[in-house]
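Asker: As a plain string of letters, each chain reads:
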Amino acid sequence: MNIIVINCGSSSIKYQLFDMTKNEVVARGLVDKIGLHGSYIKHERNDGDKVTLEGEIVDHQIGIEYMLGILISKKRGSIKSFEEIDAVGHRVVHGGEKFHASVLIDEQVMAGIKDCVDLAPLHNPPNLKGIYAMQSMLPNVPQVATFDTAFHQTMPDYTYMYAIPYSLYTKYGIRRYGFHGSSHRFVSNRAAKMLNTYLKKLRLITCHLGNGASITAIKDGGSMDTSMGLTPVEGLIMGTRTGDLDLGVLTYIMSKEEIGVPVANTLINKHSGMIGITGISSDMREIEKAAFEDNNERANLGLKMYHYRIKKYIGAYMAAMGGADAIVFTGGIGENAPDSREEICRGLEFAGIDFDLDKNAATRGKEAIISKDNSPVKVMVIPTNEELVIAEDTARIIKEIK
Amino acid sequence: MPERLSDYSLQKKIVQGRNGGLHKVGVIGAGSMGQEIIRIISGQGIEVVYIDMTEELLVEIRKSIEKQLDEIINKWGITSSEKRAIMSRIKGSTDYNDIRDCDLIIETIHRKGRGTSLQDRKEVFRKVEAIIDTRTVIASNNATLMISDLASALRHPERAVGFNFITPVSKVGIVEVIRGLDTNDGSFDFAIRFIKMLDKRPITLNESLGNISTRLIVTLINEACEILMEGVASINCIDDTMKLGYGLQLGPFELADRVGLDKVQKWMDNLYFEYGEQKFKPSPILKRLVRANHLGRKAGKGFYKYENGKIVSQAITTTDYI
Chain X
1 MNIIVINCGS SSIKYQLFDM TKNEVVARGL VDKIGLHGSY IKHERNDGDK VTLEGEIVDH
61 QIGIEYMLGI LISKKRGSIK SFEEIDAVGH RVVHGGEKFH ASVLIDEQVM AGIKDCVDLA
121 PLHNPPNLKG IYAMQSMLPN VPQVATFDTA FHQTMPDYTY MYAIPYSLYT KYGIRRYGFH
181 GSSHRFVSNR AAKMLNTYLK KLRLITCHLG NGASITAIKD GGSMDTSMGL TPVEGLIMGT
241 RTGDLDLGVL TYIMSKEEIG VPVANTLINK HSGMIGITGI SSDMREIEKA AFEDNNERAN
301 LGLKMYHYRI KKYIGAYMAA MGGADAIVFT GGIGENAPDS REEICRGLEF AGIDFDLDKN
361 AATRGKEAII SKDNSPVKVM VIPTNEELVI AEDTARIIKE IK
Chain F
1 MPERLSDYSL QKKIVQGRNG GLHKVGVIGA GSMGQEIIRI ISGQGIEVVY IDMTEELLVE
61 IRKSIEKQLD EIINKWGITS SEKRAIMSRI KGSTDYNDIR DCDLIIETIH RKGRGTSLQD
121 RKEVFRKVEA IIDTRTVIAS NNATLMISDL ASALRHPERA VGFNFITPVS KVGIVEVIRG
181 LDTNDGSFDF AIRFIKMLDK RPITLNESLG NISTRLIVTL INEACEILME GVASINCIDD
241 TMKLGYGLQL GPFELADRVG LDKVQKWMDN LYFEYGEQKF KPSPILKRLV RANHLGRKAG
301 KGFYKYENGK IVSQAITTTD YI
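Going down the list, the sequences are from chains X and F.
Residue 329 in my numbering is what sits at position 329 of the first sequence, and the numbering runs on without skipping anything.
Residue 209 in my numbering is what sits at position 209 of the second sequence, and the numbering runs on without skipping anything.
The shape of chain X in the complex, shown without the other chains:
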């Protein structure tokens, strides 16, 4: 069974072709700078064959057409014809309260995704473009949508509601939705397998630490609370986003700096977080370098703040769930930054976290348990794979309809 997984951004399309019988990625690539000068496709086959082709790609439709053209070509392709494509899985960012799981796309689902455009004005429209383009190219191939928000739909109302007038919730759907759902779901399932038990029996805290970052409390097999909210700006300190912030700070800045809503948005999304504090970079590697090699004061401060915020959330979620069985690290930083993991877990012995410094130091980008063998709370590193989640969901849904 061959499945194409698509992730459409405003000017890019990331894609992977999965062979689900072998559970492997056959080809992958990126269409970038769509509609802009210098647009190109970068394509890579699993036998190492690579190519980058520049040319005019005016919209997502044309980008997908070229992508399919390459996939079925003799020279660079992996399949002979479109007949060999069994389904397409799309990543859709916001599913609002409508979508609790991945679904087969039909007219009703399309209307539902459109209804969520207001909640994710930058993300849902390009996702829709990708679906339209695929539908026009492969009208007989079933398509599935996987939502970033779906996994968090199990949250109870007392964790997802904001303490604002209730009418604003009913009027605009303003509440916590959470993001990185596919990632939290993937690593929690893997954690259960690694611990040789059922997910339903576990209380997990999953930390997705990349350029964007979120942390989720998982209980009874589902998300119970998560740090991102209506938008991805809430919660942990990120590369360029504030995370949690006193709302009064924002209104105070807006009046002092005489800025309007669009600029305030840029301020909290692009100028803040680690780059805002350190003034060095949004990249954790560069900040660690400045802190460790040059003893840069603000880099040190930034790192302390970053780790502290995560530690605080871990404590809060342990209290919320009545303890935890495991803490899971994933995402670029979670998988590859032993120093950060060490700082976050330091001093948590009181909560049953017995961290193993050696195991931690030896773990980068691979699955491992990095707490001591007899630690009551396990600490784990699990590389995430959101595309695989989409491919597996798509395969499952296709099998069900057949």
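FYI, nobody ran anything at the bench for these hints, they're computed from the structure.
Errors might be hidden in some of the hints.
To be verified - Only pairs whose alpha carbons sit at most 20 angstroms apart, straight line, appear in this in silico EDC-like list of lysine to aspartate or glutamate:
| hint | chain 1 | residue 1 | chain 2 | residue 2 |
| --- | --- | --- | --- | --- |
| 1 | X | K42 | F | E307 |
| 2 | F | K171 | X | E258 |
| 3 | X | K366 | X | E349 |
| 4 | X | K312 | X | E343 |
| 5 | X | K42 | F | D269 |
| 6 | X | K74 | X | D32 |
| 7 | X | K33 | F | E71 |
| 8 | F | K287 | F | E307 |
| 9 | X | K399 | X | D19 |
| 10 | F | K196 | X | D59 |
| 11 | F | K24 | X | E54 |
| 12 | X | K74 | F | E3 |
| 13 | F | K310 | X | E258 |
| 14 | X | K75 | F | D7 |
| 15 | F | K243 | X | E258 |
| 16 | X | K50 | F | E3 |
| 17 | X | K14 | X | D32 |
| 18 | X | K270 | F | D70 |
| 19 | X | K75 | F | E3 |
| 20 | X | K33 | X | D19 |
| 21 | X | K33 | F | D199 |
| 22 | X | K256 | F | E307 |
| 23 | F | K171 | X | E343 |
| 24 | F | K83 | F | D101 |
| 25 | X | K33 | F | E82 |
| 26 | X | K74 | F | D7 |
Use these hints to put chain F onto chain X, whose structure you have.
Answerer: Just chain F now, kept in the frame of chain X:
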């Protein structure tokens, strides 16, 4: 033969090259308005080539755009990597040949001193047309000239459209898009699409000297000057009435100072010349201030006095003029 992207096209309709795409814009004349326009076009990921008279000017313009972007960074509008990307798409040249492959040309020259820039702009239109493809749209950015006058200099007048960007361009959400007598649907639609790409609402209109914005704003400023001259009320009171009473962001005097009193007078002169109506005749107060070089915010003094671009006090009272 080298491998090309088009080798993988599934439908014949995908052709390499220009197919209504908008990737590169030529801007002729890069004064303060031209620079603002260049900045926001490049900010949307579109390449810009600007043409000005001398190499020294080109360098100066580039520096000035960089400085504006630095100010925006300081005000949290963009990030420094976005600035680098914006600057990388902007190129200056003194040679019209460098706009040959542009998808749209915008003329935005400015003329210092009194008198109309019509002849200079016509000359630019002629020079541009001699270089570019027959289908490329040529636009003129101005407030008080008729696009048909400029189009008459072209062999293909159907491709001429008018724009009126209002300063500060990055904050103002509309652009007037003006159809001349000969402008065809294709050119007009293309111009509308371009303005939408800049994230602005295109206000479409048939040509009329002063468009919507300038005709309305100069009469407001003129009437405010009348009230001041009659000794009815102070500058502050008049501005506050319009701001607090009718929700205008700036009062008529603040607005005039921001636009530049010389520019306001030029608008009025052109409108008065065209329509012959008293309401457009520049107020004596305005003329006196312009003569004295009290040109508004940029000069530090106009209707108000300014320090670091901020109002510190009224510069004149009614009695000064009675």
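Asker: Evaluate each hint against the coordinates.
Answerer: To see whether the hints hold, each was checked on the structure:
no.	hint	result
1	X:K42 x F:E307	violated (54 angstroms)
2	F:K171 x X:E258	holds (13 angstroms)
3	X:K366 x X:E349	violated (24 angstroms)
4	X:K312 x X:E343	holds (12 angstroms)
5	X:K42 x F:D269	violated (58 angstroms)
6	X:K74 x X:D32	violated (23 angstroms)
7	X:K33 x F:E71	violated (27 angstroms)
8	F:K287 x F:E307	violated (23 angstroms)
9	X:K399 x X:D19	holds (15 angstroms)
10	F:K196 x X:D59	holds (16 angstroms)
11	F:K24 x X:E54	holds (17 angstroms)
12	X:K74 x F:E3	holds (13 angstroms)
13	F:K310 x X:E258	holds (13 angstroms)
14	X:K75 x F:D7	holds (11 angstroms)
15	F:K243 x X:E258	holds (17 angstroms)
16	X:K50 x F:E3	holds (13 angstroms)
17	X:K14 x X:D32	holds (8 angstroms)
18	X:K270 x F:D70	holds (15 angstroms)
19	X:K75 x F:E3	holds (10 angstroms)
20	X:K33 x X:D19	violated (28 angstroms)
21	X:K33 x F:D199	holds (18 angstroms)
22	X:K256 x F:E307	holds (18 angstroms)
23	F:K171 x X:E343	violated (44 angstroms)
24	F:K83 x F:D101	violated (25 angstroms)
25	X:K33 x F:E82	holds (15 angstroms)
26	X:K74 x F:D7	holds (11 angstroms)
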